[in-house]
Amino acid sequence: MPTVTIDNQVYEFENGDVLLQFCSDIGIEVPHFCYHPAMSAPANCRQCLVKIGTPARNRATGEPEMNEDGTPVINFMPKLQPSCAIAITDGMVVHTQRSDDIVEEGQVDNLELLLINHPLDCPICDQAGQCPLQNQAYKFGPEGSRFEFQKVHKPKRIQLGPHVVLDAERCINCTRCTRFTSEITETHQLSIHNRGDKNYPITAPGVEFDDPYSMNVCDLCPVGALTEDYFRFRARVWEMSKTPGISTYGSKGINVDYWVKDNEVLRITPRQNLDVNEYWMPDAARLIYTTFNEDRPAGPEMLFRDGGRGPADWRQAYDAAAFLLKGVEGSETFLLGSALATVEDNYLLMQLAEHLGAPAPQYLSHVEPGSGDDWLITDDRAPNAQGCERLGMQELDADLLKSRLASGELKVLYILQDDPVGMGVLSEADLDGVQVILHHTHTTNETLPFANVALPIAMAVETIGTYVNADGRAQRLRPAKATRHMHRPQMMEMGLSRLDRQGTPFDRWHDESNKIDCQPGWAAIPEIAERLGRKMRWDGPASIMDELAQTDAFAGATHKAMGFTGVPLEDVGEAV
Amino acid sequence: MEVPKINDGTSKAGDWRNYKRVLLPPVRDLHKLEVYEQNGGYSALRAVLNENKFDPKGLGEHVKQSGLRGRGGAAFNTGLKWSFMPPVDPDVPRFLCCNGDESEPGTFKDRQLFEYNPHLVIEGMVLANYAISAKACYIYIRGEYASWIDHFQKAVDEAYAKGYIGENILGSGFSTDIVVHKGAGAYICGEETSLMESLEGKRGYPRVKPPFPAQKGIWARPTTINNVETLACVPLIVNKGADWFAATGAEKHPGPVLYGISGHVNKPGVYEFPTGMLITDLIDEVCGGMRGGKKLKALVPGGSSTPVLTAEQCIGTTMDADSLREAGSMLGTAGMLVMDEDTNMVSFLRRITHFYHHESCGQCTPCREGTGWLEKLVTRIDEGEGNFRDLDLLLDLCDQIEGRTICALADAAAWPVRWTIRRFRPEFEAKCKPSTFAGADLGDGASTEPAPVS
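In order, the protein sequences belong to chains A and B. Just add 23 to wherever you are in the first sequence, counting from 1, and you've got the working numbering. Just add 1 to wherever you are in the second sequence, counting from 1, and you've got the working numbering.
Calculated from the structure, these hints are not laboratory results. C-beta atoms are modelled at their ideal positions from N, C-alpha and C, and glycine is treated no differently. Treat the hints with care, since some could be wrong.
Label-pair ranges, simulated between beta-carbon atoms [what the hints assert, rightly or not]:
(1) A:A83 / B:K210: 20 to 30 Å
(2) A:E209 / B:N345: 49 to 59 Å
(3) B:G41 / A:P25: 39 to 49 Å
(4) B:G329 / A:P146: 42 to 52 Å
(5) B:P94 / A:M446: 36 to 46 Å
(6) B:L171 / A:D48: 56 to 66 Å
(7) A:D48 / B:E327: 47 to 57 Å
(8) B:F213 / A:N81: 22 to 32 Å
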């Protein structure tokens with residue numbers, strides 16, 4: 024293995040390693056702004072300067088030259104070099120700011136220059152708290168500034184496109200955003216305008232920054248120059264807690280972070296997973312944050328014996344559901360699974376169907392052909408169709424269901440977290456005379472008016488569970504916000520998955536105000552099953568997956584193994 | 002042992018008073034192809050292509066022997082530069098690039114070649130293409146030279162029509178093209194790699210080196226880039242021989258050179274002489290002395306980025322790379338700015354810093370932010386609002402900017418500041434506000450009492 028000496032310590036490296044990335048990987052922090060591992064390195068911020076030397080070689084013989092004590096002679100380059108643009112070579116000697124005063128001063132000098140025209144409006148800047156410029160200025164920057172002039176003024180509050188707002192004065196011209204549109208999405212919508220200290224990124228005149236991935240530039244921006252329109256001034260980053268999760272947008276299984284304050288999801292950002300979405304996510308997957316907060320049900324509802332509809336308590340609702348199921352033959356019952364629900368919930372639904380002697384549950388496909396791209400936006404709008412398939416669930420045969428409903432063959436319809444009426448699969452006429460038990464997530468669910476019993480179910484940000492993406496990768500959901508009824512596994516997971524364990528001092532997560540009165544499927548289905556004489560003995564979703572992980576379709580996909588990046592599942596034709 | 006001084010006060014230009022001009026010979030209508038041909042034009046090309054005077058490698062070797070050094074500022078050996086091109090691979094096109102973006106304040110020599118002797122440049126380009134086996138030569142001319150671009154394009158069209166460029170040149174089987182490209186008014190596009198970016202239709206940002214142009218130049222193909230005047234020397238070397246060239250002017254930096262002299266002299270203009278001319282000869286004899294009989298105060302020898310010389314430093318110094326290095330400056334493009342005793346050096350520096358602030362491309366932090374800061378500080382001093390500490394801050398900033406960027410523009414911005422302050426500091430101090438601190442040096446060697454608090 025070739026070796027490199029960094030700050031007097033020898034490391035092994037692989038040919039082709041870039042110095043800055045290598046330093047980051049081994050835990051040496053070299054400050055930088057423009058470098059991003061997914062894009063080309065323009066070496067323009069000049070912050071990652073280090074001192075570099077290579078072993079001297081005799082010009083005539085090509086032999087390495089040695090000092091008297093047998094150590095190789097090192098030729099240091101006269102100028103400091105940007106570590107982001109340096110491929111490591113064998114025997115290279117590197118001095119970072121940790122061991123070399125000149126490098127340290129060079130980095131201080133550079134930060135002083137970076138800050139002279141930066142507005143330093145951190146107190147009103149959305150980036151404050153998660154700002155590489157702020158962090159690195161505190162860590163590596165000068166004590167103060169010697170700049171005594173008016174700063175350069177540039178346009179502010181420019182609406183670049185529907186989702187991105189530019190504050191050009193904050194920009195440090197790292198060109199990450201322009202490289203993103205030219206190298207990653209290849210829409211070439213952003214470019215640097217003007218020259219020298221007057222330059223800033225912007226679209227060409229008359230061009231709107233409507234790239235479907237536009238908000239990634241807000242994550243890339245190392246300052247507060249590019250911000251998400253929907254999130255501007257909503258919350259300071261330190262007021263929110265951040266929970267790793269999986270996006271419910273499409274079947275790609277995009278890894279995200281859910282940012283929550285007062286039990287409201289305020290923001291969704293991509294989480295790095297090189298096997299799934301790398302560093303990116305589409306704008307649409309961010310904008311669904313409102314679905315976790317708005318139009319959520321206020322608790323279970325049911326049709327009372329006097330024909331009136333109204334709120335019920337959970338025990339009443341479970342009793343009513345069990346009563347409905349008990350009153351008919353298994354063959355007169357149909358259970359509809361859901362590509363929106365987790366593997367665990369669907370598995371329990373199948374167990375329930377088995378117990379009732381009902382036909383195998385099927386799931387409703389959310390595929391909208393042609394609506395996806397070749398990248399992170401998929402035709403399938405639901406996150407877990409693959410999980411249903413792997414459980415052996417088949418796609419719903421809507422015509423068959425309709426005819427069975429029409430013939431009066433089916434008396435009870437049990438719907439898990441879906442909206443067949445809203446999707447146009449079933450109509451009001453179809454449901455005439457049929458008893459409906461519905462697990463719904465929103466009051467806008469159009470099947471809700473026909474439900475005899477409506478049991479609000481927890482969404483992806485509230486429950487624990489597993490989604491399997493279109494590529495067969497099992498990934499884990501963690502509760503990002505509290506619901507009114509917290510079960511022990513949720514409490515445990517909240518404690519484990521919220522880095523601050525208990526929300527932040529600015530976060531009233533324990534207040535009732537925004538807590539949704541809903542139950543996770545893995546809590547509600549066993550309650551009903553129990554009333555029907557079937558004990559479902561699981562210690563929560565993790566133990567369900569422990570059991571499923573023994574099968575071929577989910578081999579190895581325990582919650583522990585899935586961790587933060589998921590488990591790729593073996594391709595099995597038909598499952599379980 | 003005493004090191005012999007390079008600048009011993011003797012001219013290295015030999016019998017320059019009887020020098021016969023070769024780059025810009027005194028021939029009427031030389032820009033016309035038939036006139037150029039009547040005066041021996043394209044004979045070097047014929048000698049190489051038809052009479053097999055040189056094979057490509059031999060031509061490069063010959064140019065190397067002549068000692069021709071680049072006329073664009075860095076004064077690098079041209080033949081050696083050509084030899085950096087990788088071995089010919091028939092599948093990989095190679096290019097020559099001719100840098101005609103001369104935008105440095107004080108430099109206006111290439112314009113004369115475009116106007117009066119364009120075919121010499123074209124012949125040089127074709128020869129260089131032959132030497133490095135290039136498929137085409139792109140000549141990048143600054144956009145402000147609009148009429149010279151048209152003029153040069155006409156010459157290229159004529160040469161195409163006559164078969165000096167294009168397919169199967171002079172029946173030799175060698176084919177090459179020349180493309181004239183118009184710049185859009187950015188100084189930075191004279192930097193070789195940003196010139197290439199600009200040629201490719203991108204924003205004129207210098208590239209990170211390595212890879213160097215010889216490995217990855219235009220469209221990531223091996224590319225050599227030379228200045229207009231450098232290429233114009235090539236036919237002369239072929240015609241008159243490397244020995245003639247090497248014997249002209251200063252030994253280590255030979256050949257004819259175009260001196261672009263501007264400023265406070267009686268007859269400013271572009272003058273062709275051998276290298277190694279005494280600065281005093283150029284001012285006093287060639288340019289007819291200082292305007293109004295005033296005294297020389299300062300001189301910028303090679304375009305605005307080269308360090309300014311004081312009048313004392315000019316005495317005995319000749320115009321070649323080694324001599325000027327000893328004097329404390331560089332030859333650059335040999336665009337000389339002559340300043341007389343009435344010149345205000347602070348205002349001079351203010352204008353220079355304004356230029357570099359205006360022309361910084363904004364890619365690298367130190368240059369983008371630093372050039373603006375330099376200008377603001379120098380402007381403040383020039384307006385009488387500066388402090389003594391500003392001078393030290395300026396020098397400090399030069400350290401912060403110099404050598405920390407991708408290209409040399411930051412260096413070019415820092416050098417004039419550093420050397421003008423170092424060499425004319427009393428003048429700067431005189432413009433600063435008097436210090437109110439006890440013990441402050443006011444430049445008179447004495448200290449003052451603190452000013453009374455009012």
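Notebook entry, point to check: In ascending order, which of the hints set out earlier in this document are inconsistent with the structure?
Noted result: 3, 5
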